[in-house]
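Chemist: Spelled out from the first residue to the last, the chains are:
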Amino acid sequence: AQKVTQAQTEISVVEKEDVTLDCVYETRDTTYYLFWYKQPPSGELVFLIRRNSFDEQNEISGRYSWNFQKSTSSFNFTITASQVVDSAVYFCALSEFTGNQFYFGTGTSLTVIP
Amino acid sequence: DTGVSQDPRHKITKRGQNVTFRCDPISEHNRLYWYRQTLGQGPEFLTYFQNEAQLEKSRLLSDRFSAERPKGSFSTLEIQRTEQGDSAMYLCASGQVGGVNNEQFFGPGTRLTVL
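The listed protein sequences derive, respectively, from chains A and B. With this note's numbering applied, the first sequence closes on residue 114, and no number is skipped along the way. With this note's numbering applied, the second sequence closes on residue 1115, and no number is skipped along the way.
Be aware that one or more of the hints could be misleading.
[What the hints assert, rightly or not] Below are the DSSO-like pairs computed for lysine-lysine, each with C-alpha atoms no more than 30 Å apart in a straight line: (1) B:Lys1071 <-> A:Lys3; (2) B:Lys1014 <-> A:Lys3; (3) A:Lys70 <-> A:Lys38; (4) A:Lys38 <-> A:Lys16; (5) A:Lys3 <-> A:Lys70; (6) A:Lys3 <-> B:Lys1057; (7) B:Lys1011 <-> B:Lys1071; (8) B:Lys1014 <-> B:Lys1057; (9) A:Lys3 <-> A:Lys38.
Hints in this document: simulated from the structure, not taken from any laboratory. Just so you know, these numbers come straight off a predicted model, no measurement behind them.
So that you can see chain A by itself, here it is in the shape it has in the complex (with noise of 0.2 Å):
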């Protein structure tokens, strides 16, 4: 069966600390996509990266980083030197390789306090 796990409910660090938001997944496929989102307050999704299953590279985009090990089934999300507009839920997807049909953690609250 398809499956997210975001272990962390919750996060609170302190401006300018660096905070990696765990994410793990279930599959049977062999190719899929895996995303994270952002959810501010203000409630829209946001789209912040998508990586397909055949590539292991890692990625760094500004201050976020992504760790994607297929050994392990993670895609692990780091963002350095925390801002307080980073405070919002965060989301890890699954996706066949279709596009068919999501799967959604349940998400990771994160509080950066200034």
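Since the structure of chain A is provided, determine the placement of chain B on it from the hints.
Modeler: Below, chain B alone, put in the same frame as chain A:
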């Protein structure tokens, strides 16, 4: 604004009433998805369309839920005989086949409260 739009943004109804929500996707997108999100949970996939064809509906929550996309543009989600458990945020997203690897763009959602 060329993003995904949803109408209404908020809906309060009495138990047993029918409600219909509308989603207007990004114009060039041929895929449209509906999700439900309850408090403290991630979005729960309900159904999706490619153009006007509903390609996946097995995860609609019950036969009280139905969705249409008659002309392959906007879509409607209807809930018949609403129950208090239907109270949630209903999200719509659109995407493009062959686009940026299954990226979905989400709308602001319709918050449903069933009294």
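Chemist: Take the hints in turn and mark each one as holding or not.
Modeler: Hint check:
1. B:Lys1071 <-> A:Lys3: Cα-Cα ~33 Å, so violated.
2. B:Lys1014 <-> A:Lys3: violated, 34 Å
3. A:Lys70 <-> A:Lys38: holds, 23 Å
4. A:Lys38 <-> A:Lys16: Holds, at about 19 Å.
5. A:Lys3 <-> A:Lys70: holds, 15 Å
6. A:Lys3 <-> B:Lys1057: holds, 19 Å
7. B:Lys1011 <-> B:Lys1071: Holds, at roughly 25 Å.
8. B:Lys1014 <-> B:Lys1057: holds, 26 Å
9. A:Lys3 <-> A:Lys38: Holds, because 19 Å separates the two Cα atoms, which is no more than 30 Å.
Hints 1 and 2 from the earlier list are contradicted by this structure; the remaining hints agree with it.
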